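Protein chains: 6
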Amino acid sequence: MANLTHLDASGAAHMVDVGGKAVTTREAVATGHIAMSAQALSAIRDGAVAKGDVFAVARIAGIQAAKKTSELIPLCHPLPLTRIAIDLAFTETGVTATATAATDGKTGVEMEALTAVNITLLTIYDMAKAVDKGMIIEGIRLLSKKGGKSGDWQAA
Amino acid sequence: MANLTHLDASGAAHMVDVGGKAVTTREAVATGHIAMSAQALSAIRDGAVAKGDVFAVARIAGIQAAKKTSELIPLCHPLPLTRIAIDLAFTETGVTATATAATDGKTGVEMEALTAVNITLLTIYDMAKAVDKGMIIEGIRLLSKKGGKSGDWQAA
Amino acid sequence: MANLTHLDASGAAHMVDVGGKAVTTREAVATGHIAMSAQALSAIRDGAVAKGDVFAVARIAGIQAAKKTSELIPLCHPLPLTRIAIDLAFTETGVTATATAATDGKTGVEMEALTAVNITLLTIYDMAKAVDKGMIIEGIRLLSKKGGKSGDWQAA
Amino acid sequence: MANLTHLDASGAAHMVDVGGKAVTTREAVATGHIAMSAQALSAIRDGAVAKGDVFAVARIAGIQAAKKTSELIPLCHPLPLTRIAIDLAFTETGVTATATAATDGKTGVEMEALTAVNITLLTIYDMAKAVDKGMIIEGIRLLSKKGGKSGDWQAA
Amino acid sequence: MANLTHLDASGAAHMVDVGGKAVTTREAVATGHIAMSAQALSAIRDGAVAKGDVFAVARIAGIQAAKKTSELIPLCHPLPLTRIAIDLAFTETGVTATATAATDGKTGVEMEALTAVNITLLTIYDMAKAVDKGMIIEGIRLLSKKGGKSGDWQAA
Amino acid sequence: MANLTHLDASGAAHMVDVGGKAVTTREAVATGHIAMSAQALSAIRDGAVAKGDVFAVARIAGIQAAKKTSELIPLCHPLPLTRIAIDLAFTETGVTATATAATDGKTGVEMEALTAVNITLLTIYDMAKAVDKGMIIEGIRLLSKKGGKSGDWQAA
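Residue numbers (our numbering), protein chains in the order written: chain A, 620 to 775; chain B, 620 to 775; chain C, 620 to 775; chain D, 620 to 775; chain E, 620 to 775; chain F, 620 to 775.
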């Protein structure tokens, strides 16, 4: 039967013991999308293409958030990230963010990649919200993970 | 034409001047959903209902993240939040998080409400990821905002 | 009957709404003691008196912790502290820390003063732990508070 | 003669060099108690037993504080915690918190366990302070440590 | 005679009481320069002009650091910044950063503007250090301040 | 030709992959100076010599900032510092700060040493600014680095 590893036998939350796990190279890729009005999309495209800072701000926000993951997600272990990169691409209705995180550690970096995607997309929301308050962040999910005892995983 | 207020005339990002704006009571409500497998949902439901800590952990993560918004979203102003509450409810396919943030300040609290929703849902992901890595976070959006010069706004 | 204001009707934790409360000047004083072996006490006394940095390090730790209170105590509101001072005094068996915190805000600063005392004493523990691991932190409590709707309070 | 390792020959505080120390598995257990009025105790018991969130909030606060130890205690080294668990139990006059921290690192985790206990108890204070401002935090001390060059230690 | 306001009569550091001071609009402008080899300057110029992200990264670092000032400078009061903007310009030997900070508060924002300049220049150092380790940060100083009891000030 | 390693082929900033690099002992030494009026210098000297806390506050600020480097400099990797020490010395016109940082890690600690110097000097500025607003921070640079693939480096 399915169990939540973050809860002990009595149901109390704890940061699970990873002391006995091996240090291996781990990588995770996550993605997500922000959908917006044509007007907001054109403002962002303008800012990103003609002016420069828009995507850089969003990427930096995502990178810095990835490093804060264990501070944001209460039961995450602190991890020495060895890499974090965020890719942004326009779609017909908005922007897709894809984050790759890696570490040599005892637990995976799925949460780091997902946190980077979330904060990257929220930062784009923040920059375009004067134009469109109705933007929707959607499809945030893990694409793949590598390394660790549970092995590799690929989204269906 | 639509402009991004976070960029100055040369395209450089800055934290816009809100010094001249009035201090008013502001409130924002945001929501989002995490969809998961039946097995993960039953594990979460079990943890939340029978054991207690699951929803509490997610709520606390969201509350603490709301207070960190200006640290996470680079161009957000620091705001003295006067209230933050997070509501969690089961759906047939997962969990919906709804966050209400309020302040008496010079700028709105949309980003605080949205950040709370994001981190709350990521924390649920973290707790259930041993059961289901394919969960999807979706439909993160602003429901309403009150206060400030631009007035009240309600999602369509 | 006694109720916990940090829980809503359903028992969920939230950061209570202080939006409607008046901004008043608030002050709180808290204290606590660390008891140690004669050997540790003499090392600390030596370090504090002859060398200088010991008490300064503890005071700075307490001051910086007070500013982090809302980050450490999940349901605390962020508060713009207008003053924080920490007084350290030797006793026959250790060191007493007394912290005074003040703000002009909508909620009290009891937690800020108490957090400052805790972290100040833990920092002394840290500096003396190579000499004595058996030190005990004790008697941490609020001495007084002023301001706010509930009025002034003095420890018995 | 007893010396404070955190001070150099001139009395200046520094973060001591642990570069030459071996990476070993280290564990520390710390405890502490908060004493309160019967009325506050019954409110906490009510909140913890009937409603759920009270102990979860305190535990999460302690876990997150443990991860912030090197930020709070100025001369502590940053450490990749591999485990942190907090146990809460009612006594006749209040609540006892016991924290277990572990790492594979070059220095011990005593301060992490002690910081977790402190912030857990302060969070309980925060939740019950509307009922009883006279609560006292007491008996915070290390129970045991394992690992490292100085070997195992057990409180008397 | 000159006194350090951050020390009390006994020489102990404290965060001075600003509770009685009026809330006024305050602004500060600070500047600084990083000098580098021709090779590093051309790499930065290339990155900034042709590619976009270099200056954006440095600006975001400075903006986020300004918001962290009271966390970094121990005796600084937390301040709700209403504006922060960072201007970067090439010189013949490197890059000049100029930061403008503003608040409506009880103390000045000189430290916020100076902190922004420092971290902006350090971030440029970080990005160019693979090309030139001998870069020098110099001339960091306040250019002007406005508001508050001590009135306006202009660098000579 | 010189390239910025922090930018990928398209010019986007990322945290470069250090996963394949060896863990070696690394050390860096950085320095800087703050020049001030005779009046400010005498106030600082007074505070440092007669009273004690001035230099301790500055040193602690520098030590704590070094531990926050990866939070402040967006593309820096988190590093487990094994040592940080800050040396302060009076010159005829001000104070020189020299910081030594060390780690056993996959990247160097130059930024940690430089960040420590910057924040140490800013903290001295903060303590003396009531006496002299015209102080200038200057000559911040790396003195030496050891360890890592690129080998040892010494300032000319």
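Some hints here could point you the wrong way.
Just so you know, same-sequence chains aren't split out, so a pair can sit in one copy or run between any two.
Claimed, not checked - Dumping the calculated SDA-like pairs for lysine to any residue here, alpha-carbon to alpha-carbon at most 25 Å: (1) K765 with T717; (2) K768 with A628; (3) K768 with T710; (4) K687 with T710; (5) K640 with P699; (6) K687 with T717; (7) K687 with S763; (8) K765 with V635; (9) K640 with A657; (10) K687 with T712; (11) K765 with A749; (12) K687 with R664; (13) K768 with D706; (14) K687 with D636; (15) K640 with G770; (16) K640 with F709.
Rather than coming from a laboratory, the hints here were simulated on the basis of the structure. Predicted, not measured: the structure shown is a model, and the values here were computed from it.
Status of the hints after comparison with the structure:
Taking CA atoms no more than 25 Å apart as the test, K765 paired with T717 passes inside one copy only; the shortest distance there is 16 Å, against 33 Å between copies. In this assembly of identical chains, K768 and A628 lie within 25 Å of each other by CA distance solely inside one copy; the values are 23 Å within and 34 Å between copies. When the C-alpha separation of K768 and T710 is checked against a cutoff of 25 Å, the pair qualifies neither within a copy, at 36 Å, nor between copies, at 32 Å. Proximity of K687 and T710 under a CA criterion of 25 Å is satisfied in neither setting, with 28 Å inside one chain copy and 30 Å between copies.
For the identical chains of this complex, K640 and P699 are neighbours both inside a copy (16 Å) and across copies (13 Å), given an alpha-carbon limit of 25 Å. With identical chains, the CA atoms of K687 and T717 are at most 25 Å apart both within one copy (18 Å) and between copies (23 Å). Only within a single protomer do K687 and S763 lie at most 25 Å apart by alpha-carbon distance; the minimum there is 21 Å, versus 29 Å between protomers. When the C-alpha separation of K765 and V635 is checked against a cutoff of 25 Å, the pair qualifies both within a copy, at 20 Å, and between copies, at 18 Å.
Taking the closest pair of Cα atoms, K640 and A657 never come within 25 Å of each other, the shortest separation being 49 Å inside a single copy and 29 Å across copies. In this assembly of identical chains, the alpha carbons of K687 and T712 never lie at most 25 Å apart, being 30 Å within a copy and 29 Å across copies at closest. For a Cα distance limit of 25 Å, the shortest separation of K765 from A749 across copies, 15 Å, qualifies, whereas the shortest one inside one copy, 39 Å, does not. Neither within a single protomer nor between protomers do K687 and R664 lie at most 25 Å apart by alpha-carbon distance, with minima of 28 Å and 28 Å respectively.
Taking the shortest alpha-carbon separations for K768 and D706, neither the intra-copy value of 28 Å nor the inter-copy value of 29 Å comes in at or below 25 Å. Proximity of K687 to D636 under the C-alpha cut-off of 25 Å is found in both arrangements, the shortest distances being 20 Å within a copy and 18 Å between copies. In the homo-oligomer, the alpha carbons of K640 and G770 lie at most 25 Å apart both inside one protomer (13 Å) and across protomers (23 Å), since each shortest distance falls under that limit. In the homo-oligomer, the alpha carbons of K640 and F709 never lie at most 25 Å apart, since the shortest distance is 40 Å inside one protomer and 34 Å across protomers.
Checked against the numbered hints listed earlier, the structure breaks hints 3, 4, 9, 10, 12, 13, 16; every other hint is satisfied.
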